[in-house]
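Protein chains in written order, with this note's numbering: chain X, 1 to 443; chain H, 1001 to 1443.
Watch out, some of these pointers could steer you wrong.
Each computed DSS-like pair below joins lysine-lysine, with the alpha-carbon atoms no more than 25 Å apart [to be verified]: (1) Lys1019/H x Lys1337/H; (2) Lys1009/H x Lys75/X; (3) Lys389/X x Lys1093/H; (4) Lys93/X x Lys1388/H; (5) Lys93/X x Lys1093/H; (6) Lys1337/H x Lys19/X; (7) Lys378/X x Lys23/X; (8) Lys1093/H x Lys23/X; (9) Lys1388/H x Lys1378/H; (10) Lys419/X x Lys354/X; (11) Lys93/X x Lys1009/H; (12) Lys378/X x Lys1093/H; (13) Lys1075/H x Lys1023/H; (14) Lys1023/H x Lys358/X; (15) Lys1388/H x Lys1023/H; (16) Lys1190/H x Lys1168/H; (17) Lys1389/H x Lys9/X; (18) Lys1337/H x Lys93/X; (19) Lys388/X x Lys1337/H; (20) Lys1156/H x Lys358/X; (21) Lys1009/H x Lys156/X; (22) Lys75/X x Lys1075/H; (23) Lys1023/H x Lys93/X; (24) Lys1023/H x Lys19/X; (25) Lys1163/H x Lys354/X; (26) Lys358/X x Lys19/X; (27) Lys23/X x Lys1019/H; (28) Lys19/X x Lys1190/H; (29) Lys1023/H x Lys23/X; (30) Lys163/X x Lys1075/H; (31) Lys23/X x Lys9/X; (32) Lys337/X x Lys410/X; (33) Lys163/X x Lys1354/H; (34) Lys9/X x Lys1093/H; (35) Lys419/X x Lys388/X; (36) Lys197/X x Lys168/X; (37) Lys1156/H x Lys1023/H; (38) Lys378/X x Lys19/X; (39) Lys1019/H x Lys1009/H.
Since the hints were made in silico from the structure, they are not lab data. Computed from a predicted structure; not experimentally measured.
Number of protein chains: 2
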Amino acid sequence: MALSTQPYKGARDFYPEDKRIQKYMFGVLRSAVEKYGYEEYDAPILESLDLYLAKTGEEIVNEQTYAFEDRGGRKVAIRPEMTPTVSRMVAAKRQELAYPLRWYSIPNLWRYERPQRGRLREHWQLNVDIFGLAGVEAEHEVISVVDGILQAFHAKRSMYTIKLNSRKFTDYILREYIGFDEVQAYSVAKLIDRMHKMDRADFIVQLDALCTPSQREQGAVEQLQDVLQAQRFTALPAAVQQHPSLAQIRFLIELLEESGIDNVVFDATLMRGFDYYTDVVFEVFDNHPDNNRSLFGGGRYDGLVGLFGVEPVPTVGFGMGDVTLQNFLEIHELLPKLHPETHIYVVPVGDVFKQLQKPLAELRASGLNVALDTTGRKIGAQIQTAEKKGIHYVMVIGEQEIADGRYNLKNLQTGVEEKHGLSRIVTIATDYRHVDETEDEDI
Amino acid sequence: MALSTQPYKGARDFYPEDKRIQKYMFGVLRSAVEKYGYEEYDAPILESLDLYLAKTGEEIVNEQTYAFEDRGGRKVAIRPEMTPTVSRMVAAKRQELAYPLRWYSIPNLWRYERPQRGRLREHWQLNVDIFGLAGVEAEHEVISVVDGILQAFHAKRSMYTIKLNSRKFTDYILREYIGFDEVQAYSVAKLIDRMHKMDRADFIVQLDALCTPSQREQGAVEQLQDVLQAQRFTALPAAVQQHPSLAQIRFLIELLEESGIDNVVFDATLMRGFDYYTDVVFEVFDNHPDNNRSLFGGGRYDGLVGLFGVEPVPTVGFGMGDVTLQNFLEIHELLPKLHPETHIYVVPVGDVFKQLQKPLAELRASGLNVALDTTGRKIGAQIQTAEKKGIHYVMVIGEQEIADGRYNLKNLQTGVEEKHGLSRIVTIATDYRHVDETEDEDI
C-alpha cells in the first residue's frame, strides 16, 4: 500500500510559497523586537513533563499536552508553551545574567486539540519577555513592543484594541469585594474567561451555581456583574474604584497614550488562561467585524523563575501565535505580495553546460540568485517553468552569447527583452529588487 | 522540591550568545543555497511512524526514533531525518510542481542515542534537494552547493575532501564481481560502512564470517579488499575498471575540477547509512588532524517519491548537521566574532522616562536597536550591564541632554565619548555596523 502524503493532522506543510509568508512575518517580528534591544534565544522542543505540572493551566497539561516516556523511562513533553522553558533557562544562570534581560524566541509549540480556525496542533509563537523589572515601565515597554510589531506590519491602531486588566484587581474583587473562597475564586475566574463564548443567561446560571446561599442572598451575582460590565473606570462601583491596582492600570494607559498608543482600554473581564500571571495582564483584539476575536496577549508573572529554587525575577512577557497573526494580516489586507528569492532563471541552448559555469559563478558572486535549467526540454517549456515559479527574469543562453559576453535578459512580467553584458545585468536585476522592496515599505 | 534547570539530555539550550552563532551559520547557509535558486520549505516535526518504516536504515527506526502513540491512537514519530518528509511533500503535489524543483530546509531532528561529540539527540540539519533531474548535472550542482557553502564560510579547499562513490558500483562489486547474495551484500555493505571505526584484522574476521565456504575458497575476502583499498581508478582490478558507474564518477570529478572544485576523490569504501540511495553518494571529510572525520554527505535517491503511489522523481540531495558544521568552523577558526543586535544602551539620569520616549522612537525609526535601562540603579552599574551584554555604545541621558537635543555617545570599546545630535548618532552607530560587517567579509 502506498504511504499517505498528508501531514500529521492539525499541522502544516510549508511549501516554498507558504514558507515565504512565514519568513516575511518572522523577519518583521525579529526586526521589530530587536529595535527595543531584545535578543533571540532557543531551547529543545522536548522538556521534562514536570516543567508544566507546576503552573500551566490544568486543562493544558492533562488533556492537551503531547507527553510520553522516552526509551530511558523519562516522562517528557513536546512543549505546549515557551514560558516555563524560558523561566528554566533564566533560573539556570540566575546569577550570571545581566538584568534587565530582554529575550525573544519564535518556537513551534504543540497542543493536542481539535484543529479549528486560528488553533492548530502545531503553531509558532513569538515569545517576548523582559526579566528583572518590577516597575510598570516593563509593562509599558512590552505593550509598546506589541504595538510596534503591528505598526511594522503597517496596521492602523483602529484595526486593533489592547485590553488591560490586573490579576491583583481580579483577586481583590473575587476574594475581598465579593468574598469568594480560594476554590470558588478560581472557578469563577475560569468562568469569566469563557463568558464571551457563552450567552449571558447561561453565564449567570453558572455563576449563580458557584455561589453559596448566603453569597447569593447578598447579591454576589449582581455585584460581580456590575464590576464586569464597567466599560470605564468611573463606571465601576465607587467602593472598588480606589484599589491601588487600578491606579497602576490608569497610569499605564496614560503612559501608553503619551507614546501615541491610544487604543488601550481597561477590561475587568480579561482573565488570560495561564495560572502564572501575578499582576497586569493584556490582550490584543482584532476590531475587524469578520474576525472579532482575541489575537494574543501576555502579562506579568513574577513567580515562575523562583520555582527553580532561585530568587524570583520579576517578569513581563507575551506570546503571539503565527496563525492568528496571519489571519489578522490577511483579513486587513496587510500581507504584501512576496517574490521568490531566485532572481534569474537560466535556459541553456545546446551543449553549453560547461561554458555556462563561469558566467553563472560571476552572477552569483555579484549577489544574484540564479537557477539553471538542465532538463534539456524545449526553450518554451523551460521559460514556462520560470513563469510558474514566479521568477522575474529569464536568460536564454547559447554558444553565441557566451562567446560575445552579451546576454538576453527577459523580464517575464513586462515581456521586455534586452541584450547586456553581465555587469549591467547584475545592476538591472539588483535594482529591480531594491525598487520592489521600497514599494513594500510604502504599503 | 525545586524543578530542574537542566535541558533534556542530549539537547541544547541556546542562550543569546549561542543563538547568535546559529543565526550566523544559518544565514550563511541560506544565502549560499539561494544563490543556486533553492527555495526554503518546512514541515511538522511530528510525522506518521509509517513514513520511516519503508526506507530509512533499520537501526534508526527501531532503536533511535522518538516514537509514541498520540491521544487518538496514531503511531507518530518525531522526525529523525527530513528526506522522507520532503519526498512526501513532493508526492502530494507531484503533478502541480514545476521541475526541476530546488528545495532546502533547516529542520531540527531527533535521535535517541548516547550523546557524544558531533552527535546529539537534537540537532539541526540543512537539507538540500533537487528533484526532477536524472542527469549527472544534478550531482554536479548539489556538490557545487556543498562546496559553495564551505567557501561562503571562508574555508579553504585544503581543509576538506569530498569523497565520491556509487551505489551502482558497490552493488556490482558485491553482487556480480564477488557474487554475494542479496542478504550477504546488505550485511557486507553495513560492515564496510563501519570499517573505518574498527581495526583491520577485526574487519577481515567479520568479512570472512559473512562469506560462504566456496566464496572464501575463491578468495572473496582478498578480492573485495583489493577493490576497497584502491585510492585511484587505475589501482582498481582491471576487471572492474570498465563498469559504467565508474565512467560517470570520473566525468563528475572532471566537471567539478573544471569548476575549481579540485578536492574530490573516488572512495570505494563510502557507503552512507541510509538504505534509499540508488546511485552516486558523496561525503565531505574534515582534513584537520584533530577532527579527521566525516562531516556530512548525500547522494542520489530516485525511489522515495514513488513510495507514495505516484510516478517516481529522480532526486539528489544532502543533509548537513549544525553540530558537525560548527565543530568544523571552530577547529579551523572560521567563526567570526559576532556582536549583539543591540546598537545602543540608554542609561537615564533622573526622572526622564516620559521625555525619553521621543528620542528613543526617533533612533529606532532610523533603524537602530536601542535598549533602555529602567532599573534606577547607579549610572556605573547600568553601564556595566551594557558592557556585560557586549553592546558597543552607551548614551547617558538626563534632562539637560533632552532639552539641548545633544547627547553623549560613548564607545565602550575605545572609551571615546562625544556629544552629537540624534542624526549624527544614527550615522555613527550605523557606520560602525557597516564597517564591522565588511571586516567580517575579509576573514
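To see whether the hints hold, each was checked on the structure:
no., hint, result
1, Lys1019/H x Lys1337/H, "holds, 13 Å"
2, Lys1009/H x Lys75/X, "holds, 12 Å"
3, Lys389/X x Lys1093/H, "holds, 14 Å"
4, Lys93/X x Lys1388/H, "holds, 14 Å"
5, Lys93/X x Lys1093/H, "violated, 47 Å"
6, Lys1337/H x Lys19/X, "violated, 30 Å"
7, Lys378/X x Lys23/X, "violated, 34 Å"
8, Lys1093/H x Lys23/X, "holds, 22 Å"
9, Lys1388/H x Lys1378/H, "holds, 16 Å"
10, Lys419/X x Lys354/X, "holds, 22 Å"
11, Lys93/X x Lys1009/H, "holds, 18 Å"
12, Lys378/X x Lys1093/H, "holds, 23 Å"
13, Lys1075/H x Lys1023/H, "violated, 33 Å"
14, Lys1023/H x Lys358/X, "violated, 30 Å"
15, Lys1388/H x Lys1023/H, "holds, 21 Å"
16, Lys1190/H x Lys1168/H, "holds, 15 Å"
17, Lys1389/H x Lys9/X, "violated, 42 Å"
18, Lys1337/H x Lys93/X, "holds, 23 Å"
19, Lys388/X x Lys1337/H, "violated, 41 Å"
20, Lys1156/H x Lys358/X, "holds, 20 Å"
21, Lys1009/H x Lys156/X, "violated, 46 Å"
22, Lys75/X x Lys1075/H, "holds, 18 Å"
23, Lys1023/H x Lys93/X, "holds, 22 Å"
24, Lys1023/H x Lys19/X, "holds, 17 Å"
25, Lys1163/H x Lys354/X, "holds, 22 Å"
26, Lys358/X x Lys19/X, "violated, 31 Å"
27, Lys23/X x Lys1019/H, "holds, 18 Å"
28, Lys19/X x Lys1190/H, "violated, 37 Å"
29, Lys1023/H x Lys23/X, "holds, 14 Å"
30, Lys163/X x Lys1075/H, "violated, 42 Å"
31, Lys23/X x Lys9/X, "holds, 23 Å"
32, Lys337/X x Lys410/X, "holds, 21 Å"
33, Lys163/X x Lys1354/H, "holds, 22 Å"
34, Lys9/X x Lys1093/H, "holds, 18 Å"
35, Lys419/X x Lys388/X, "holds, 24 Å"
36, Lys197/X x Lys168/X, "holds, 24 Å"
37, Lys1156/H x Lys1023/H, "holds, 22 Å"
38, Lys378/X x Lys19/X, "violated, 30 Å"
39, Lys1019/H x Lys1009/H, "holds, 19 Å"
Of the hints listed earlier, those the structure fails to meet are numbers 5, 6, 7, 13, 14, 17, 19, 21, 26, 28, 30 and 38, in rising order.
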